[in-house]
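*Asks:* Sequence:
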Amino acid sequence: MIVRELIEPASIAVVGASGNLHKPGGKILHNLKSGNFSGPIYPVNPKETEVQGLRAYDSVAALPPTELAVLAIPAKLCPGTVKTLAEEKGTRGFIILSAGFSEESETGAELEREIVATVEAHGGSLIGPNCIGVLTPQYSGVFTTPIPPLDPKGCDFVSGSGATAVFIMETAIPNGLSFSQVFSVGNSAQIGVEEALEYLDESFDPATSSRVKLLYIESIDKPRKLLHHARSLIAKGCRIAAIKAGSSAAGSRAASSHTGALAGSDTAVDALFQKAGIVRCYSREELATVAAVMQHPPLPGTRIAVITHAGGPAVMLTDALSHAGLEVPPLIGPDIETTAAAEELRGHLYPGSSTANPIDFLATGTAEQLGTIIEYCETRFSSIDAMVVIFGSPGLFEVSDVYEVLRDKMRTCSKPIYPILPSIMNAKREIEWFLAQGGINFPDEVALGRALARVHHTRPAGFGVSPDRERAEAVPEPDIDRERLRAVIGALGDGYAPPQAVTEILDAAGIPRAPERTARRREEALAAASELGLPVAMKVIGPLHKSDLGGVAINLSDLDQVAAEFERIIQIEGATGVLVQPMVAGLELFVGAIREGAFGHMVVCGLGGIFVEVFKDVQTRLLPLHSAEALEAVEQLRGYPLIAGARGSEGTDPKRFAEIIVRVSALVHAAPQIAELDINPLMAAPGHLTAVDARIRIDRTGSNDTQGGG
Numbered sequence: 238m239i240v241r242e243l244i245e246p247a248s249i250a251v252v253g254a255s256g257n258l259h260k261p262g263g264k265i266l267h268n269l270k271s272g273n274f275s276g277p278i279y280p281v282n283p284k285e286t287e288v289q290g291l292r293a294y295d296s297v298a299a300l301p302p303t304e305l306a307v308l309a310i311p312a313k314l315c316p317g318t319v320k321t322l323a324e325e326k327g328t329r330g331f332i333i334l335s336a337g338f339s340e341e342s343e344t345g346a347e348l349e350r351e352i353v354a355t356v357e358a359h360g361g362s363l364i365g366p367n368c369i370g371v372l373t374p375q376y377s378g379v380f381t382t383p384i385p386p387l388d389p390k391g392c393d394f395v396s397g398s399g400a401t402a403v404f405i406m407e408t409a410i411p412n413g414l415s416f417s418q419v420f421s422v423g424n425s426a427q428i429g430v431e432e433a434l435e436y437l438d439e440s441f442d443p444a445t446s447s448r449v450k451l452l453y454i455e456s457i458d459k460p461r462k463l464l465h466h467a468r469s470l471i472a473k474g475c476r477i478a479a480i481k482a483g484s485s486a487a488g489s490r491a492a493s494s495h496t497g498a499l500a501g502s503d504t505a506v507d508a509l510f511q512k513a514g515i516v517r518c519y520s521r522e523e524l525a526t527v528a529a530v531m532q533h534p535p536l537p538g539t540r541i542a543v544i545t546h547a548g549g550p551a552v553m554l555t556d557a558l559s560h561a562g563l564e565v566p567p568l569i570g571p572d573i574e575t576t577a578a579a580e581e582l583r584g585h586l587y588p589g590s591s592t593a594n595p596i597d598f599l600a601t602g603t604a605e606q607l608g609t610i611i612e613y614c615e616t617r618f619s620s621i622d623a624m625v626v627i628f629g630s631p632g633l634f635e636v637s638d639v640y641e642v643l644r645d646k647m648r649t650c651s652k653p654i655y656p657i658l659p660s661i662m663n664a665k666r667e668i669e670w671f672l673a674q675g676g677i678n679f680p681d682e683v684a685l686g687r688a689l690a691r692v693h694h695t696r697p698a699g700f701g702v703s704p705d706r707e708r709a710e711a712v713p714e715p716d717i718d719r720e721r722l723r724a725v726i727g728a729l730g731d732g733y734a735p736p737q738a739v740t741e742i743l744d745a746a747g748i749p750r751a752p753e754r755t756a757r758r759r760e761e762a763l764a765a766a767s768e769l770g771l772p773v774a775m776k777v778i779g780p781l782h783k784s785d786l787g788g789v790a791i792n793l794s795d796l797d798q799v800a801a802e803f804e805r806i807i808q809i810e811g812a813t814g815v816l817v818q819p820m821v822a823g824l825e826l827f828v829g830a831i832r833e834g835a836f837g838h839m840v841v842c843g844l845g846g847i848f849v850e851v852f853k854d855v856q857t858r859l860l861p862l863h864s865a866e867a868l869e870a871v872e873q874l875r876g877y878p879l880i881a882g883a884r885g886s887e888g889t890d891p892k893r894f895a896e897i898i899v900r901v902s903a904l905v906h907a908a909p910q911i912a913e914l915d916i917n918p919l920m921a922a923p924g925h926l927t928a929v930d931a932r933i934r935i936d937r938t939g940s941n942d943t944q945g946g947g
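So the sequence shown is numbered by our numbering: it starts at 238 and just counts up by one.
Wrong hints could be hidden among the right ones.
Simulated pairs of lysine-lysine, BS3-like, Cα-Cα distance not exceeding 27 Å [claimed, not checked]:
(1) 260 - 320
(2) 390 - 473
(3) 853 - 783
(4) 270 - 326
(5) 313 - 260
(6) 313 - 390
(7) 390 - 326
(8) 459 - 473
(9) 313 - 326
(10) 284 - 264
(11) 320 - 390
(12) 320 - 284
(13) 390 - 783
(14) 459 - 284
(15) 473 - 652
(16) 264 - 313
(17) 473 - 462
(18) 320 - 264
(19) 326 - 264
(20) 284 - 270
(21) 260 - 284
(22) 892 - 853
(23) 260 - 270
(24) 313 - 284
(25) 390 - 270
Simulated DEER-style distance windows between Cβ atoms [said to hold, decoys possible]:
(26) 302 - 273: 53 to 59 Å
(27) 861 - 474: 21 to 27 Å
(28) 548 - 388: 49 to 55 Å
(29) 737 - 861: 53 to 59 Å
Honestly, the hints are just simulated from the structure, not real lab data.
All of these numbers come straight from a predicted model, not from anything done at the bench.
Idealized CB from N, CA, C, for every residue including glycine.
Please build the complete structure, drawing on both the sequences and the hints.
*Replies:* This is how it looks when you write it as structure tokens:
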């Protein structure tokens, strides 16, 4: 919990204050004095009586009561200092800039734990240690620069790295991006990114709070907290962009299943962000560009007018928009209703101008012409949802009048306008004026095009494509036989479940499967084939990677083939039997689930058989998974046309596939002991889906329930 004293302190002590501005204790004192803080500031320095013109105290014991303390002293001195402040001075807000804690050694981690225990015993809040501090409208509690003027409508920014926070601000501020609050949480001993987001959620005021939240995350320790508060903020009208640094751990995991090979910690982050509606970014520049897009009104649709006086950038922007799923619709052509208005607009421009979209009004285009173009896009072109204006300068003349028109139109038009002002040298003065008026510049057209699409296409999971999405979202979790599931799993040890147990688990979850028989002798295989009906398939029981070992035989159409293949397969090393199934025809699909640490279970779906390995066309979703999210996942597969039926193929009902996905979700939710589950292939044909092969691994050590069952 973040207490008032951390955000709006009435008084601040700087422990380790210095007159040397090259030291953290000196620079933060300077920043506090130079900022907006109106309360008393108490420097603590045992060697000085005055620091930077303020009376200095020789110890924290000599301080008057103080609400917030910033510590810039050696790590080993921090626990005792915090204890004195909390117990004797009523301090409840703490920022520890010092390093030398858990990031360095176990001894440092113990110091951290001691500090947190003291802070929590007195109902306080701790930022850090090993951080740059906090920027709020009330005070500039950082020892770094830049310190931008804070704007309530700017971005709230939470970073797990102080240096990275500085670099991101340095990337964003020159283009006009503003900030409202900045939290550098450092080691996150008590308050991490998740707790900061919780504070931003619970303190959100629709009239005054920022609606753009930026996150730089190095570890996600409480994914469910992050998910809850991100979704809550987005439901309140906010937009969130985040960098999650650190590569996937999946590469180091033995890929014992398709799901295990396809999903891992980084996939879990993707699934979490997708479920929440967080735009994931991968660089400082991308985060800054996405944040700048978010500071503009949301795109009401996908159709963009590109207004330019330079052909090259317009072409590159058009390519970027088109490749990312946005449109640059033609305004002139047969049966295009805007043709007459576009031809009329061309009459207001210089000869040689084009109004086909991109709208190119040439290098000699004027401010007046730009205003006219924007008015036509605003009022006459119903096929346009938003505008991008590209206008630079060759350095021959001033373009201030153009930027004045642009800024005026951005304030008055109902359709969003995104400015690309690339001449950061030739039009430096004019761009500075534009930014001073509250404008934001996008110097690079391709970066803007990609960011626009990324923001527009990111929605919380379950909202989007199908017209019945809202109704589907309300469908409850499917019924499964929990008692039967509890009994089956309770009887299993850790490891891969035997075929009979897998069969019972699928039946308990209501997942349709192909009938099967287990044969350990040739006579049993022949009897099974006769009972099930030829042709049949046979698979080795025991080894995990059946196909790699030659442990699969298909389309066995007579009993002699069955006998011969049984004798071959049973000789495979590790074989304990042979599974006999009738041949099932159809499109091969895949559904899996995996448990990933604190994230819980993820469900993975896609095309099955060898396609899941070769093309890796899969979608991953975090539990709990509802019908709307499952259907959305199916629709977002590149192979969706095959599932729905393409070029004369019958396909299957995508809703049936989504139902199986939801049943897998319900299964692993009820049985958290399932660490990995594969259904591959799930054969799809008109009117039915059938699980042909499945694999389930039990691992109680990582589940919430070690007693068996859901």
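*Asks:* Take the hints in turn and mark each one as holding or not.
*Replies:* These are the hints, each one checked on the structure:
1. 260 - 320: Given that 27 Å is the threshold and the Cα spacing comes to 24 Å, the pair holds.
2. 390 - 473: holds, 15 Å
3. 853 - 783: holds, 19 Å
4. 270 - 326: Measuring from Cα to Cα gives roughly 22 Å; hence the hint holds.
5. 313 - 260: holds, 18 Å
6. 313 - 390: violated, 40 Å
7. 390 - 326: Cα-Cα ~35 Å, so violated.
8. 459 - 473: holds, 22 Å
9. 313 - 326: The hint holds at about 20 Å.
10. 284 - 264: Given that 27 Å is the threshold and the Cα spacing comes to 18 Å, the pair holds.
11. 320 - 390: Since the Cα atoms of residue 320 and residue 390 sit roughly 37 Å apart, the hinted pair is violated (cutoff 27 Å).
12. 320 - 284: The given pair, whose Cα atoms are some 22 Å apart, holds under the 27 Å limit.
13. 390 - 783: violated, 58 Å
14. 459 - 284: The hint is violated at about 43 Å.
15. 473 - 652: Judged against 27 Å, a Cα distance of about 22 Å means the pair holds.
16. 264 - 313: Roughly 22 Å between the alpha carbons, so the hint for residue 264 and residue 313 holds.
17. 473 - 462: holds, 17 Å
18. 320 - 264: holds, 25 Å
19. 326 - 264: Distance ~24 Å between residue 326 and residue 264 Cα, so the pair holds.
20. 284 - 270: holds, 21 Å
21. 260 - 284: OK: residue 260 and residue 284 at ~16 Å, within 27 Å.
22. 892 - 853: Given pair residue 892, residue 853 holds - Cα atoms ~22 Å apart, limit 27 Å.
23. 260 - 270: holds, 15 Å
24. 313 - 284: holds, 19 Å
25. 390 - 270: holds, 24 Å
26. 302 - 273: 53 to 59 Å: Violated: the Cβ-Cβ distance is about 22 Å, outside 53 to 59 Å.
27. 861 - 474: 21 to 27 Å: holds, 24 Å
28. 548 - 388: 49 to 55 Å: Given range 49 to 55 Å: violated, Cβ gap about 36 Å.
29. 737 - 861: 53 to 59 Å: violated, 29 Å
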